Amino acid sequence: MRTLFLSILLFFFFATGAALLGGCVRQSKLVQQEVAPRALPGETSQQPQEIVNEAPKSSIADPFTIDVSGKNLSILPKEILKQTRAKKLILSYNNFTSLPSEIGELSNLEELYVDHNLLEGALPAEIRKMPRLRILNASNNHLTGIPAEIGQLNLLRELNFQNNRLDTYPLELGNLQSLETFNISGNLYSQESLQALRNLLPDTKFIDL
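Numbering (the working numbering), first residue to last: 6 to 214.
Careful, some of the hints might be misleading.
As the list claims (entries may be wrong) - Okay, derived cross-link-like pairs now, EDC-like style, lysine to aspartate or glutamate, Cα gap no bigger than 16 Å in a straight line: (1) 93 with 115; (2) 87 with 110; (3) 93 with 116; (4) 83 with 72; (5) 92 with 110; (6) 134 with 116; (7) 83 with 110; (8) 93 with 110; (9) 134 with 115; (10) 134 with 107.
Claimed, not checked - So the derived label-pair ranges between C-beta atoms look like this: (11) 179 with 100: 25 to 35 Å; (12) 210 with 176: 15 to 25 Å; (13) 185 with 89: 21 to 31 Å; (14) 82 with 208: 32 to 42 Å; (15) 103 with 75: 15 to 25 Å; (16) 77 with 170: 22 to 32 Å; (17) 77 with 203: 33 to 43 Å; (18) 84 with 196: 41 to 51 Å; (19) 105 with 137: 12 to 22 Å; (20) 201 with 83: 37 to 47 Å; (21) 150 with 182: 16 to 26 Å; (22) 80 with 179: 27 to 37 Å; (23) 201 with 159: 14 to 24 Å; (24) 149 with 79: 14 to 24 Å.
Don't read these hints as lab results, they were simulated from the structure. Given the structure is predicted, the values throughout are model-derived calculations rather than measurements. Heads up, the beta-carbon is just placed ideally off N, CA and C, and yes, glycines get one too.
Using the sequences and the hints given, assemble the complete structure.
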């Protein structure tokens with residue numbers, strides 16, 4: 006009788022243990038399913054190290070602006086010279102020592118930024134082929150002259166030659182009757198030259214500190 010009682014007790018003990026163990030296994034599987042990342046329809050799940058972050062494709066807000074500033078360029082790419090519809094060209098913070106004469110082909114330019122380069126001598130005379138130019142920034146270079154042809158840019162409003170090596174200027178600057186601001190600070194002009202320049206452009210605001 007005692008043996009029968011012990012057998013029944015052992016049976017219940019093992020049955021209860023097996024049920025508890027099965028429940029734990031099922032619970033563990035549910036937890037794993039909840040933690041595991043779920044793939045969206047049509048996708049496969051990836052481990053973090055397999056995920057490649059792609060740069061978002063941004064739309065071009067202004068298709069008439071070309072900005073290659075800070076690209077360590079020393080030669081102007083020919084592809085840029087083909088963009089004859091461009092209205093704004095930014096070449097700032099590069100290593101240009103000169104600009105090609107072909108830049109005059111960009112005849113629709115309204116703004117040209119060539120500041121913070123290594124430009125020497127003078128800007129090319131072909132700049133006269135940009136009749137719509139309103140803003141020209143050639144500051145922080147090594148320029149020693151201003152081309153006389155710049156006087157043909159009748160719509161020019163802002164002219165910046167700050168921090169160059171200029172000590173002369175062409176009298177043709179007097180033709181720039183639309184010029185509102187002329188920054189020539191940080192150059193080698195004498196006070197007499199500056200005064201004569203102001204007399205050429207009496208309605209222009211000069212920055213020559």
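Task: Earlier hints that do not hold, by number - done: Failing hints: none at all.
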